[in-house]
Amino acid sequence: MNTEPLRRKLLASARAHAPSDCVPYAFEKRIMARLGHREIPDVWAAWGALLWRAVAPCFALMLMAGIGSFVMSPSSEDLGNQLDAVLLADLDVAGDAP
Amino acid sequence: MPPVPPTPDPAPSGIPVPYEGLADDALVRRVITGENDCFEELIRRHQPRVFATARRYARREDEVQDIVQEVFLKAFERLPGFRFEAPFEHWLMRITIRTCYDFLRAHQRTRESSFTDLSREEEDWLERYKAEPDSADERAEAARSLVQRLMDTLSPEFRLVIQLLEIEERSVKEIHQVTGWSIPLIKVRAFRARAAMRRAIARMKPEKYL
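First to last, the sequence lines map onto chains A and B.
According to our numbering, the stretch in the first sequence is residues 1 to 98, in order.
According to our numbering, the stretch in the second sequence is residues 1 to 210, in order.
For the record, the hints were derived by calculation from the structure and aren't laboratory data.
Take the hints with a grain of salt, since some may be wrong.
Within a straight-line C-alpha distance of at most 30 Å, the following computed BS3-like cross-link-like pairs (lysine-lysine) qualify [to be verified]:
| id | chain 1 | residue 1 | chain 2 | residue 2 |
| --- | --- | --- | --- | --- |
| 1 | A | Lys29 | B | Lys74 |
| 2 | B | Lys187 | A | Lys9 |
| 3 | A | Lys9 | B | Lys173 |
| 4 | B | Lys173 | B | Lys187 |
| 5 | B | Lys173 | B | Lys74 |
| 6 | B | Lys187 | B | Lys74 |
| 7 | A | Lys9 | B | Lys130 |
Covered, in the sense of this in silico footprint (three residues per stretch, anywhere, with C-beta under 8 Å from a C-beta of chain B), are these stretches of chain A [what the hints assert, rightly or not]:
| id | stretch |
| --- | --- |
| 8 | 10–19 |
| 9 | 24–32 |
Beta carbons: idealized from backbone N, C-alpha and C, even for Gly.
With these hints in hand, go ahead and build the complete structure from the sequences.
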C-alpha cells in the first residue's frame with residue numbers, strides 16, 4: 001500500500017491554504033495595556049542594587065571582626081617575640097648542628 | 001517653494017503615527033532606553049506575520065491571540081538581549097516559532113484526533129482522489145481539514161518539523177536557526193515524522209481510499 005502520493009497531495013493542500021494574517025482591531029493596544037508601565041528588566045541594575053544592599057551588613061561584619069581581633073589579640077610585645085622566634089628558628093637549628 | 005515633507009498617515013484614532021519612518025533597529029534602541037511607546041509600532045508592523053504563523057499551530061482564535069500576546073510579551077522582556085546582528089523580524093519569528101512549539105507541547109494530550117470519523121466532505125474528497133488523483137482539488141476545504149486531522153495525530157516535534165520543512169519549505173539550516181535543534185536531529189525527526197504521517201494515513205480506511 002503506497003500512502004506517499006496521498007501524503008504529498010495533502011501537504012500540497014496545506015501549502016495552498018496559507019493562513020490568514022488578519023489582526024483583531026487594536027490588538028497592539030491590548031498588548032501595550034498588558035505591558036503597562038513595565039520596565040525592561042536590567043540585569044546589571046539588579047546586581048548593582050543587590051551589592052548596595054549588602055554594603056551595610058558587610059561593613060558591620062568588618063567592624064565586628066576588627067574589634068574582636070583587637071580585643072582578643074596578644075600584646076604587641078608578645079607578637080614581636082613570637083615573630084622573632086619563627087623567623088630565627090631555622091638559624092637556631094643550624095647553629096645547634098655539630 | 002521648498003518641497004513639503006509628506007505627513008505621516010494617521011492612526012485609526014486620528015493621531016499621527018510618530019515612529020512610522022523609523023527602522024526596526026532604531027525603534028528597538030528607543031524601547032531599550034525606556035521609550036515603551038515605540039514597542040507599539042513594532043507590534044503594529046509585525047503582528048500580521050506573527051498571527052499567520054500562530055494560526056498554523058492553533059485552531060481556535062482565542063488560542064491564536066494568546067500565542068501572539070505571549071510572543072510580544074516575551075519579545076519585550078528579551079529586547080536587551082537583541083544583538084542587532086540579524087533583522088528584528090527574524091529574531092521575532094524565532095520567538096514566535098518557539099512559543100508555538102511550547103503551545104503544541106502544552107496541548108499535546110488534548111489533541112487526540114481520530115482519522116476514522118471523517119466528515120461527508122472529507123470522504124467525498126478522498127473518493128475523488130481514489131478515482132482520479134489529479135482531479136482532487138488541493139485547494140478544497142475538505143483537503144485542508146484532512147491535513148489538519150493528519151497534523152493533529154503527530155507529536156509536537158514531528159508536527160513542527162513537517163510544518164517548517166514540508167509546508168513552509170524552509171531549509172534544514174533555517175530550521176536549525178529557528179529551533180536550535182542540531183542538523184542531524186532535524187534530519188532524523190523529519191524522517192520519522194514522514195513515517196508517522198504515512199502510518200496515520202494507513203489507518204484511514206486504506207482499503208477504501210488507496
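Verification of the hints:
{"no.": "1", "hint": "A/Lys29 <-> B/Lys74", "verdict": "holds, 16 Å"}
{"no.": "2", "hint": "B/Lys187 <-> A/Lys9", "verdict": "holds, 22 Å"}
{"no.": "3", "hint": "A/Lys9 <-> B/Lys173", "verdict": "holds, 25 Å"}
{"no.": "4", "hint": "B/Lys173 <-> B/Lys187", "verdict": "holds, 11 Å"}
{"no.": "5", "hint": "B/Lys173 <-> B/Lys74", "verdict": "holds, 24 Å"}
{"no.": "6", "hint": "B/Lys187 <-> B/Lys74", "verdict": "holds, 29 Å"}
{"no.": "7", "hint": "A/Lys9 <-> B/Lys130", "verdict": "holds, 12 Å"}
{"no.": "8", "hint": "10–19", "verdict": "holds (count 10)"}
{"no.": "9", "hint": "24–32", "verdict": "holds (count 9)"}
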